[in-house]
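Asker: Sequences and hints are given; from them, build the entire structure.
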Amino acid sequence: MHSFGSSRDLCTSIRDAVKAHGAVYEKTGVLHRDMSGATILIVDGGMSQLIDWDFCKPATRGTSRCYWRTGTRQFAAAAIQEHPGTSYEFRHDLEFFFHVLLFHVLRYSRNSLPTLEFNMLEVFDSCRWDCVTEALVGGVEKLSVFDGRFFSARDLRSQFKPSLVGIIQDFRAQFRNAYADEDTWHYNEAETKASLAFLSNAKGVIAVFDKYLGESDWPPTTPVTIT
Numbered sequence: 001m002h003s004f005g006s007s008r009d010l011c012t013s014i015r016d017a018v019k020a021h022g023a024v025y026e027k028t029g030v031l032h033r034d035m036s037g038a039t040i041l042i043v044d045g046g047m048s049q050l051i052d053w054d055f056c057k058p059a060t061r062g063t064s065r066c067y068w069r070t071g072t073r074q075f076a077a078a079a080i081q082e083h084p085g086t087s088y089e090f091r092h093d094l095e096f097f098f099h100v101l102l103f104h105v106l107r108y109s110r111n112s113l114p115t116l117e118f119n120m121l122e123v124f125d126s127c128r129w130d131c132v133t134e135a136l137v138g139g140v141e142k143l144s145v146f147d148g149r150f151f152s153a154r155d156l157r158s159q160f161k162p163s164l165v166g167i168i169q170d171f172r173a174q175f176r177n178a179y180a181d182e183d184t185w186h187y188n189e190a191e192t193k194a195s196l197a198f199l200s201n202a203k204g205v206i207a208v209f210d211k212y213l214g215e216s217d218w219p220p221t222t223p224v225t226i227t
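Numbering (the UniProt record's numbering), first residue to last: 1 to 227.
None of these hints come from the bench; they were simulated from the model. Note that the structure is a prediction, hence the values are computed from the model and not measured. Among the hints, a few may not be true.
[To be verified] Lysine-lysine pairs mimicking DSSO-like chemistry, simulated, CA-CA at most 30 Å apart:
id	residue 1	residue 2
1	Lys193	Lys19
2	Lys27	Lys203
3	Lys193	Lys57
[Claimed, not checked] Derived CB-CB ranges, DEER-like:
id	residue 1	residue 2	range
4	Arg154	Thr184	18 to 28 Å
5	Val140	Asp54	25 to 35 Å
6	Ala23	Leu116	18 to 28 Å
7	Ser158	Ala59	37 to 47 Å
8	Asp181	Pro220	41 to 51 Å
For every residue, glycine included, the Cβ atom is placed at its ideal position computed from N, Cα and C.
Answerer: Encoded structure:
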């Protein structure tokens with residue numbers, strides 16, 4: 001995903017990658033585990049391809065025995081990053097896509113969000129060494145994104161078009177519910193179960209993208225090259 005013409009093109013390329021990922025999973029049960037701007041390739045005609053399946057593995061069951069995680073840490077799921085022994089599921093790959101989307105919107109779409117650089121470093125690059133697992137862990141700040149403490153809906157609406165914000169917000173809400181538990185103030189058992197079901201396949205996420213990509217408020221194409 002080294003170049004895109006507009007935020008709509010960015011969202012379209014990620015939507016297409018989610019489709020490809022979902023199709024592979026349905027046929028093989030294999031998870032990619034390393035989505036990033038380097039593994040989503042924009043090709044001629046505005047379509048995209050999901051490449052570099054070097055780290056792919058079948059979905060796991062139960063607790064992982066491996067504490068060393070592959071994949072680009074910036075975009076890894078919060079649960080996997082914070083608790084490396086967590087069983088890796090389909091929703092963790094979908095969370096990769098969410099973080100790739102949010103990062104590229106914030107980094108490459110013109111905006112004047114205050115403390116943007118600091119907040120992006122906190123969310124995407126914060127980590128610490130865990131002496132028990134002997135691994136770099138993190139992810140707490142990403143949970144704060146789902147709660148709206150970083151990059152809130154109000155902040156995003158002040159900078160970006162409603163359709164772009166709609167994709168981010170609808171996507172974000174599913175993870176907010178999925179991560180909620182009885183110790184979370186906004187916990188609702190029915191909503192959590194519904195979001196976990198939503199994130200168990202690609203269909204709902206694709207529908208979110210399709211819903212907003214069909215709107216007419218997207219900005220015009222302005223070529224962007226990511227370096």
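Asker: Checking against the hints above, which ones are violated?
Answerer: Per hint list: single violation, 6.
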